[in-house]
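Top line first, the protein sequences correspond to chains E and C.
For the first sequence, my numbering begins at 70 and goes up steadily by one.
For the second sequence, my numbering begins at 70 and goes up steadily by one.
Take the hints with a grain of salt, since some may be wrong.
Copies of the same chain look alike in the list, so a pair counts if it works inside one copy or between any two.
[To be verified] The list that follows gives simulated cross-link-like pairs (lysine to aspartate or glutamate, DMTMM-like), each with its CA atoms no further than 25 Å apart:
| id | residue 1 | residue 2 |
| --- | --- | --- |
| 1 | Lys337 | Asp288 |
| 2 | Lys103 | Glu296 |
| 3 | Lys285 | Asp187 |
| 4 | Lys134 | Glu267 |
| 5 | Lys297 | Asp187 |
| 6 | Lys285 | Asp313 |
| 7 | Lys161 | Asp188 |
| 8 | Lys297 | Asp332 |
| 9 | Lys186 | Glu301 |
| 10 | Lys239 | Asp188 |
| 11 | Lys186 | Glu248 |
| 12 | Lys265 | Asp313 |
| 13 | Lys297 | Asp188 |
| 14 | Lys297 | Glu315 |
| 15 | Lys101 | Asp187 |
| 16 | Lys101 | Asp188 |
| 17 | Lys186 | Glu305 |
| 18 | Lys285 | Glu315 |
In short, the hints are calculated from the structure, not lab data.
Number of protein chains: 2
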Amino acid sequence: MGFQQDGIGIVARKDQVKKPDSDAAVKRSLGKIKNTFMVMSGKGGVGKTSVSVNLSIALANKGFKVGLMDVDIHGPDIPRMLGLSSMLDLDKDQKLVPASYSENLKAVSIESLSINKDDAIIWRGPMKYSAIRQFITDVAWGELDFLIIDSPPGTGDEPLTVAQIVTGAKAIIVTTPQEISLADVRKSISFCRTVKMEIYGMIENMSGFVCPHCHKELDLFGMGGGEKTAREAGIEFLGRIPFDREMVSCGDAGISFQEKHADSVATKVFGKIADRMSSLISG
Amino acid sequence: MGFQQDGIGIVARKDQVKKPDSDAAVKRSLGKIKNTFMVMSGKGGVGKTSVSVNLSIALANKGFKVGLMDVDIHGPDIPRMLGLSSMLDLDKDQKLVPASYSENLKAVSIESLSINKDDAIIWRGPMKYSAIRQFITDVAWGELDFLIIDSPPGTGDEPLTVAQIVTGAKAIIVTTPQEISLADVRKSISFCRTVKMEIYGMIENMSGFVCPHCHKELDLFGMGGGEKTAREAGIEFLGRIPFDREMVSCGDAGISFQEKHADSVATKVFGKIADRMSSLISG
Numbered sequence: 070m071g072f073q074q075d076g077i078g079i080v081a082r083k084d085q086v087k088k089p090d091s092d093a094a095v096k097r098s099l100g101k102i103k104n105t106f107m108v109m110s111g112k113g114g115v116g117k118t119s120v121s122v123n124l125s126i127a128l129a130n131k132g133f134k135v136g137l138m139d140v141d142i143h144g145p146d147i148p149r150m151l152g153l154s155s156m157l158d159l160d161k162d163q164k165l166v167p168a169s170y171s172e173n174l175k176a177v178s179i180e181s182l183s184i185n186k187d188d189a190i191i192w193r194g195p196m197k198y199s200a201i202r203q204f205i206t207d208v209a210w211g212e213l214d215f216l217i218i219d220s221p222p223g224t225g226d227e228p229l230t231v232a233q234i235v236t237g238a239k240a241i242i243v244t245t246p247q248e249i250s251l252a253d254v255r256k257s258i259s260f261c262r263t264v265k266m267e268i269y270g271m272i273e274n275m276s277g278f279v280c281p282h283c284h285k286e287l288d289l290f291g292m293g294g295g296e297k298t299a300r301e302a303g304i305e306f307l308g309r310i311p312f313d314r315e316m317v318s319c320g321d322a323g324i325s326f327q328e329k330h331a332d333s334v335a336t337k338v339f340g341k342i343a344d345r346m347s348s349l350i351s352g
Numbered sequence: 070m071g072f073q074q075d076g077i078g079i080v081a082r083k084d085q086v087k088k089p090d091s092d093a094a095v096k097r098s099l100g101k102i103k104n105t106f107m108v109m110s111g112k113g114g115v116g117k118t119s120v121s122v123n124l125s126i127a128l129a130n131k132g133f134k135v136g137l138m139d140v141d142i143h144g145p146d147i148p149r150m151l152g153l154s155s156m157l158d159l160d161k162d163q164k165l166v167p168a169s170y171s172e173n174l175k176a177v178s179i180e181s182l183s184i185n186k187d188d189a190i191i192w193r194g195p196m197k198y199s200a201i202r203q204f205i206t207d208v209a210w211g212e213l214d215f216l217i218i219d220s221p222p223g224t225g226d227e228p229l230t231v232a233q234i235v236t237g238a239k240a241i242i243v244t245t246p247q248e249i250s251l252a253d254v255r256k257s258i259s260f261c262r263t264v265k266m267e268i269y270g271m272i273e274n275m276s277g278f279v280c281p282h283c284h285k286e287l288d289l290f291g292m293g294g295g296e297k298t299a300r301e302a303g304i305e306f307l308g309r310i311p312f313d314r315e316m317v318s319c320g321d322a323g324i325s326f327q328e329k330h331a332d333s334v335a336t337k338v339f340g341k342i343a344d345r346m347s348s349l350i351s352g
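Generate coordinates for the entire structure from the input sequences, incorporating the hints supplied.
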């Protein structure tokens with residue numbers, strides 16, 4: 070195992086990239102994974118991690134084996150959202166054992182390797198490249214139907230590393246309907262086309278909001294801009310998820326929103342997108 | 070000037086860092102700037118750029134000379150929020166002339182150097198280091214009372230580069246009240262303490278919301294968590310800015326929120342924080 074701990078957090082072994090069997094190890098790990106999706110966004114705070122977590126749960130609920138990989142090194146929120154607080158163990162082959170959320174869903178995040186969760190991981194790009202590569206090669210993912218990769222916003226080292234290492238990964242782009250977010254999402258589209266990553270589709274999150282007091286529709290960040298942008302770019306539009314205060318508090322508390330609010334609009338949209346993704350397995 | 074254009078966007082000259090007079094050039098540029106603040110956040114989408122823009126406008130309105138530097142390379146939203154769409158010119162010394170928002174406020178962003186705004190800037194860390202350094206040395210900032218630096222979320226290459234280059238910069242940390250955001254903000258605090266950057270204070274953004282239909286208070290992302298976190302960490306709490314739908318639409322349209330909504334709570338809070346920052350000049 071190449072992870073070592075220092076005062077700041079976890080340091081990935083710098084020589085990892087140069088290991089002679091490294092490319093073969095990547096291939097071996099990826100060979101057991103049927104489908105990989107990278108959830109990305111142009112702007113932060115559009116609910117990318119919420120979408121990654123909820124899509125993973127929806128797929129796992131349908132009986133698929135799902136892995137959730139958090140490549141957001143500086144803001145790793147997956148463990149908190151899934152309510153997973155324990156450290157990761159090593160198996161007999163010295164591989165990291167992902168944290169289990171349920172029988173079908175397991176997750177890996179740099180957060181689960183940090184002793185003090187409040188410590189910052191202050192890394193430049195090459196360290197992140199190395200850590201993400203280890204998340205593929207040095208984790209005992211086993212056989213997976215789906216690997217969902219939650220990327221930080223933007224088009225920097227983390228998504229670029231995924232694009233270079235995980236051949237065949239498809240992008241799911243998340244946006245809110247506001248113009249500032251759409252402007253940045255067009256950069257995500259440009260990124261995928263430049264690195265030749267297939268775009269599976271776009272999701273519009275925080276799309277409209279109903280006041281819990283008067284039940285009138287509120288236009289928090291606008292509505293429909295994501296669908297329009299997807300259409301203009303010739304990208305599949307996967308669905309619109311309304312802003313739900315409950316999704317914020319479930320995420321904060323590490324509780325499954327879909328279990329607690331099985332009849333909500335958001336739960337149904339996640340189920341529908343998961344159905345669509347499932348067809349990649351049966352088809 | 071070291072900026073060159075290619076198919077993707079703007080490429081910073083790689084050898085810039087090694088220029089023999091480079092450290093002297095940084096020192097010369099910074100010598101004309103009285104106070105520098107880096108606005109940062111743990112999580113994206115907490116309104117960091119809105120805060121940077123509005124604080125800069127509030128300071129400029131008080132008569133100070135203000136520069137706004139956008140070091141968010143992958144999601145540069147400053148020009149759009151300020152309604153600045155033109156490309157930047159070079160002066161007779163071959164330095165970049167910042168875009169003028171008003172007599173007192175000028176801004177530089179990678180966005181103002183890109184020909185096609187929808188193209189992604191796909192850069193690894195060392196390129197970003199070089200570009201940020203050029204934002205200091207190769208821009209004709211002139212004499213400034215305040216330089217406000219808008220950083221992307223997290224604790225990666227961009228804030229680290231600022232911390233290393235801009236000696237004496239103070240951090241303003243922005244958060245929303247939700248726990249996921251607060252968890253990441255504690256990493257920002259840890260970052261500042263590790264790199265020995267003084268924390269000027271914390272701002273709680275998107276703190277409560279009033280329904281425009283029934284005028285009841287709504288708890289979008291919770292409330293008060295930022296103040297509590299600041300107190301626990303022994304950091305100055307600078308103020309609480311409510312979620313305002315108008316701030317989203319003004320930002321999207323590139324219109325000054327403070328001008329259009331001079332009597333809003335948010336405008337008053339920004340004015341108060343700017344007053345506090347002003348005391349650094351007179352004091």
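A quick look at each hint next to the structure:
no., hint, in the structure
1, Lys337 - Asp288, "both (21 Å within a copy, 24 Å between copies)"
2, Lys103 - Glu296, "neither (28 Å within a copy, 46 Å between copies)"
3, Lys285 - Asp187, "neither (39 Å within a copy, 35 Å between copies)"
4, Lys134 - Glu267, "within (22 Å within a copy, 46 Å between copies)"
5, Lys297 - Asp187, "between (39 Å within a copy, 15 Å between copies)"
6, Lys285 - Asp313, "both (14 Å within a copy, 17 Å between copies)"
7, Lys161 - Asp188, "neither (29 Å within a copy, 46 Å between copies)"
8, Lys297 - Asp332, "neither (27 Å within a copy, 34 Å between copies)"
9, Lys186 - Glu301, "between (42 Å within a copy, 16 Å between copies)"
10, Lys239 - Asp188, "between (32 Å within a copy, 19 Å between copies)"
11, Lys186 - Glu248, "between (34 Å within a copy, 13 Å between copies)"
12, Lys265 - Asp313, "neither (34 Å within a copy, 39 Å between copies)"
13, Lys297 - Asp188, "between (40 Å within a copy, 18 Å between copies)"
14, Lys297 - Glu315, "between (27 Å within a copy, 22 Å between copies)"
15, Lys101 - Asp187, "neither (34 Å within a copy, 36 Å between copies)"
16, Lys101 - Asp188, "neither (34 Å within a copy, 34 Å between copies)"
17, Lys186 - Glu305, "between (38 Å within a copy, 22 Å between copies)"
18, Lys285 - Glu315, "both (17 Å within a copy, 18 Å between copies)"
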